[in-house]
Each structure stands twice: as C-alpha cells, then as structure tokens.
Amino acid sequence: MIHLEPRGQPPFWLSPVLTVTAVVIALVVGAIVLALVGGDPVRSYLHIVDAAFGDIGVVSDTMVKATPLILTGLACALAFRMRLWNIGAEGQFLLGAWGASFVVLGLGLPEATPAIVLIPAMMLAGALAGALWGSIPGILRARLGVNEIITTLMLNYIALAWVQFWVFGPWSEGGFQQTATFPREAWLPRLTDFGKDIPFFSGLTTHLGLVFALIASAILWVVVARTRWGYEMRLIGDNAAAARYAGIDIRRYIVVVFVVSGALAGLAGMSEVAGSVHRLQDRISPGYGFTAIIIAYLAHLGPWRVVLASILFGALILAGREIQPSGVPAMIQGIILFCLIVADVFTRYRVVAGRPAATAA
Amino acid sequence: MIDLSLILAAGVASGTVLLFAAVGEIFAERAGVLNLGVEGMMLMGAVAGFSVAASTGNPWVGLTIAMVAGGALSLIHAVVTIHLRADQVISGLALTFLGSGVARVLGDGLSNAGAIQTLPRLTVPLLSQIPVLGPVLFRDQSILTYVGFLLVPVAWYWIDRTRPGLNLRAVGERPSAADAQGVDVVRVRYAYVVVGGLLAGLAGATITLAISPGWFGDQTVAGRGWIAVGLVIFAQWSPIRAAIGAYLFGAIFRFILDLQGVRSILGVDNPFQAGRSATFFLEMLPYAFVVLVVVIGSREALRRRVGAPAALGIPYVRGERGA
Chain U
68 MIHLEPRGQP PFWLSPVLTV TAVVIALVVG AIVLALVGGD PVRSYLHIVD
118 AAFGDIGVVS DTMVKATPLI LTGLACALAF RMRLWNIGAE GQFLLGAWGA
168 SFVVLGLGLP EATPAIVLIP AMMLAGALAG ALWGSIPGIL RARLGVNEII
218 TTLMLNYIAL AWVQFWVFGP WSEGGFQQTA TFPREAWLPR LTDFGKDIPF
268 FSGLTTHLGL VFALIASAIL WVVVARTRWG YEMRLIGDNA AAARYAGIDI
318 RRYIVVVFVV SGALAGLAGM SEVAGSVHRL QDRISPGYGF TAIIIAYLAH
368 LGPWRVVLAS ILFGALILAG REIQPSGVPA MIQGIILFCL IVADVFTRYR
418 VVAGRPAATA A
Chain E
-9 MIDLSLILAA GVASGTVLLF AAVGEIFAER AGVLNLGVEG MMLMGAVAGF
41 SVAASTGNPW VGLTIAMVAG GALSLIHAVV TIHLRADQVI SGLALTFLGS
91 GVARVLGDGL SNAGAIQTLP RLTVPLLSQI PVLGPVLFRD QSILTYVGFL
141 LVPVAWYWID RTRPGLNLRA VGERPSAADA QGVDVVRVRY AYVVVGGLLA
191 GLAGATITLA ISPGWFGDQT VAGRGWIAVG LVIFAQWSPI RAAIGAYLFG
241 AIFRFILDLQ GVRSILGVDN PFQAGRSATF FLEMLPYAFV VLVVVIGSRE
291 ALRRRVGAPA ALGIPYVRGE RGA
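Taken in sequence, the protein lines are chains U and E. Residue 169 in the working numbering sits at position 102 of the first sequence, with consecutive numbering throughout. Residue 289 in the working numbering sits at position 299 of the second sequence, with consecutive numbering throughout.
By construction, these hints were calculated from the structure, which means they are not laboratory data.
Among the chain U residues that face chain E by a calculated CB cut under 8 Å, a handful are:
no., residue
1, Leu211
2, Gly212
3, Val213
4, Asn214
5, Tyr224
6, Ala228
7, Phe232
8, Ile360
9, Ser393
10, Val395
11, Met398
12, Gln400
13, Gly401
14, Ile402
15, Phe405
Quick list of simulated restraints, FRET-style, between CB atoms:
no., chain 1, residue 1, chain 2, residue 2, range
16, U, Ala182, E, Arg294, 50 to 58 Å
17, E, Asp259, U, Arg319, 47 to 55 Å
18, E, Val69, U, Asn306, 22 to 30 Å
19, U, Gly212, E, Gln250, 30 to 38 Å
From the three backbone atoms N, C-alpha and C, an ideal C-beta is built for every residue, glycine too.
Only chain U is shown next, with the shape it has when bound in the complex (with noise of 0.2 Å):
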C-alpha cells in the first residue's frame, strides 16, 4: 500500500530539482504523443531550440515574445498570491493595447506629438484600462461574493469582442482586421534603432517594453518580499481567517490586488502595440494571458522566476508558430503544467510504502 505523507520543511534543491524534472518528463511526454499522431518530436524540438536561441537575432526575438509574458506572469502571479484566480489576464491585456491603441487613434492628438508624451500617455491609458477591467471581478468578488474565475473568463470573451468591434469597425484601414501602423512618435525605441552607433544592434527588435517588465519583476519582488503591505497580502493567501482576526480589512486587498494585475496586464497589452506589433489588430495575443498562469505556476509565483519561465514560453510560441499541427504548442503546455502540478504534490508530500501510522494527524 502506497500513500502520502505531509513533509514537514522540504530540503531547499528538492523544488527546484523536481520543477526542472517536470518540464523534462512534459517534453518528453510531448514527443511521444507528438509521435502518436504522426508527427516528428525531435524535428520538433530541434526547430524550437534553433527557431528561439540559435543566433542572436532570434534570441532577440525570444525576448520580444518573453516580454508580454512576464508583465501578464506577474499580473497571475501578483493574484494567485492572494489566491484569486484571475484568470483574466488575456481580457486586461485587450483591454491595455486596446486604450494604448486609444490615444493614438482615438484621441485627435496633433500629428507630430513627441514620443515623449505619446508614450507616457498610452502606458498609463493601457494600465487603466487594464486595471478598470481587472476591477470589474475584483469589486464582484469583494462585495457580492462573486467567483472571480467565471467573471475574469467571460470578460476574456467580451474584451476580445471588443477590440474586434474596432478593428473590423471605427478603426479598420481599408476593411482588413487591423488599425493603420502607428506614427514612430508611438513606438518603443528598440535595440535596432540604436543600430547607427552600435552595429551589433541593428536588426535587434528587442524593444524597451522588457525593461518596463523587468523594473516591474523588481518592483513587486520589492512590494510583496518586503513590505507591510506585501506581507498582510502574503499573511491573507495563506490564512484569510487568521487575517481576518487580525483586522486587516479583506475586502479592500481584493480590489486592489485584482486592479495592481489588470494594471500589469494592461501593460503588457501596452507595450505588445507600442513595442512589438505597432498597430492594433485581430488576434493580437496568441494567448498570451493564458500562457501567463502556467508561467506563474511553474514560477512558483516568484517574480525573477517569472522572468526565466517567460524567456522559456516565450521560445515556444516564436518557434511554435511554425509546428504544424497549430495545437502542439498548447498541448506541450498543458502537458507542463499537469507535471508541474504533480511535481508540486511531491514537493509537499513523501510517498510512503507501507500503512499510513496510526498517530496520523
């Protein structure tokens, strides 16, 4: 008879070890299932390591990818602390590049506004429309009781209709699912504009949006390791009711955190527009938000892990957009997260041979 045992404080590598071990096994199990299907996992596989690091150019392009994975990493990250699932993310970034989109597009600002206001001026229109939409399921959640996970999913849906609504319509150029390409004034400087003084910069497309992600990884690393604050979140995701008797009002934790996520989501719609893509259209994330709760998961939640486990998705969308069939990079994913998940049990947990004790509990 096999069963489970509580450990007390695991041993500082097994987490690690085990985390490292799991995206192994998923890869594994990938192949093989890759191979069921008719397919060809090592062809596969050797295509996404060179298609996402096999020279610098498309490292850089790794990192442009990784870029909108990190800010919607730490938006789920920043949540699942608290343990709210919000698992709309893909709905703030929408809504982030959509308000971004907004001040370029919407506003009737005069032709050549400099890129010092313009861009200020979307990142906070895209961290608003990212937090008010995040505030939606928070403000449900905190007043009436209302499961966060149902509300942030159907926002998905409504937020993607939304930014459909302008790009087929008020905003369309020439009938096709996209906006005009933004004025430079609204783009983020990228490596390869800085090419004419340092030639190994140009082509780079790596773009000043994976600062914002990374000043962002510092800042909440900072907020949530290190302060008052950061540490009543923490003391509520852990034990809401020892919270609750410790006075900290609950409520008001769960609006803001829910608005601190979609703000960061918002962002990451942001910089996608303004960084990457320069205009605003149809399908503009593959899924990022969705992406951004396995990052999370399989970065323990930790901000400087969200960053490596971004660079490591990130490989996998760029090369994946070439794998045929179009699901093999979903299906990689899943199959990652089931091994996190069982990973994460052997973490908590010895397996033991034998009888449970009979002094259990």
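Please arrange chain E on chain U, whose structure you already have, making use of the hints.
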C-alpha cells in the same frame, strides 16, 4: 414571416449542449470535486465524435468515442486531485489547456472533412401536437435533445431521492461523516468526476454530431464549457435550475445567430448582421449574461445561506481536519 416556434426549438437544441455539460459538472461538484476542465473535455468530445463519425460513417460510434474521450480526460483530473491532492483549480485549468491542445492536434485537417452523417432527428407522435410547446420541444429535434429532457428529472431524482445520491451529497458536504458511515469517499469522487467527463464529452459531441456539424478548432465550443461552469453557480447545484439556465442560454445563442443572418428588421437596416462591426456587441451578449446570472446566483446564495457543497475543492484525507 419568421416562425417563432422554429427559433425556440433551435434554442432548445442548442441549450442541450449546455445542459449536458452543466449537469455533468453538477455531479462532480456535488461530490466535492471542482472540475474547470469542462471546456477542454467538450473540445475532446467534439473532435473525437466528429472525426470518428467522419471516418466510420457511423455517428453512434462517434458519440460513444466522444464520451470515452471526455471520461478519459476527466480521469486525469480525478487522479491528480483525489489521489495526489493537488489544487483542483489549477488542475482543471491544466485540463482545459491539455484538452484544447490535443483536440486541435487531432482535429488538424478535419475542417475539410465535409459533411458527416448526423444523429437521427425525430418528431414525437402525440406530444408534438400540444399547442405552443409541442412544436418547440417535440418536433424534428435531434435524439440527443430528448436524452436531455430525460436527463434532468433522472439527475434530480438520483441526487435528491436515492441512496447513492445521498452518499454523493454526503461526500460533497461532509466526507468525514460519509467515511464514518462506510461510504468509500475516494471511489464516489472518482465515479462522479468521470460521470462529469462522460457528460462533457457528450456535450461536445452534441455540437459536432447534431447541432452544428463541423470542426472549427477552439471555436467549435467557443467558451460554452466555461458558460456551463458558470451555469452551475447560477443553478445552485440543482439539475432543474441548470436546465432552465441552459435552455435560456441556448435561446440566446440561437437568437444571436439568427439576428446575424437578418439583413433588415421591419424595413430598418440591421446593424448587427454578420460582417458589420456592431455584430461584435451581439457576440458579447452571452458572456455578459453569464456574469449577470452568476452575480444573481451569488447574491441568492448569500441571502439564503445556501451555496456550494461544503467540501468543494478540499481533498479528503482520512483523519485530517478540514472537511
């Protein structure tokens, strides 16, 4: 002139999809296991049913395989959450990722599969003659619609009036008490999670083998699995209320589809027709409506002090406190 009873009949048919998925989720949740993988299980059922029906030419084989596919996927969730005590929320999300990924891999190329043999439709002799209701409920409906009609009272009776149903509820409310009474908590939970998976697979197959045959990737299910999860909250975990919600949403989905196909209403140009940008506001409607009904359901739960099964989401370990 548009025949209203035809529109309502189509609404009932489309609501059957949500009905199967929601009742399946009610079974799992009443046993204390939240399964957020409904969307993934439905996609698996949809693709399995369609591809098997296309290759064998027999929709009944497709239907069977679809249910097996949904059940098999739910078994992963059962092992991970019941035996390994993993978080039910994250496991359910993983199930949706996995299901939609695998379904898209399996469905590669299926969009050109062409027409398939769908499940038979039939008109019930006497009942279809009832004024008003007859043509809506009993005329030229898919056989699965009638299965849905039967499922609701059966599920209600099973949960509320039978011994196994009592055990089911006990396991979801107080597993330790059920355990003390000699109920095998683990076995009951496994059984109902798989029942939920079978029904979600059936829901997916209802789309591709009866309501709107074809494979359109993720868009085949288009969030209806999540809507079913929302409906369970609105339904307060009762199959009868779930049926009301499912048919209501079925009618809404149908209404949207019909309105998108209309060029003008009473001589006025229809801004919501397909191809116009305003049509996207129409597409928001069901999702906005889910938020509304979940808010209503939650308020009611607060006021009447009823709500989710007490042990929902909590793994059961004999001898441990917490449930």
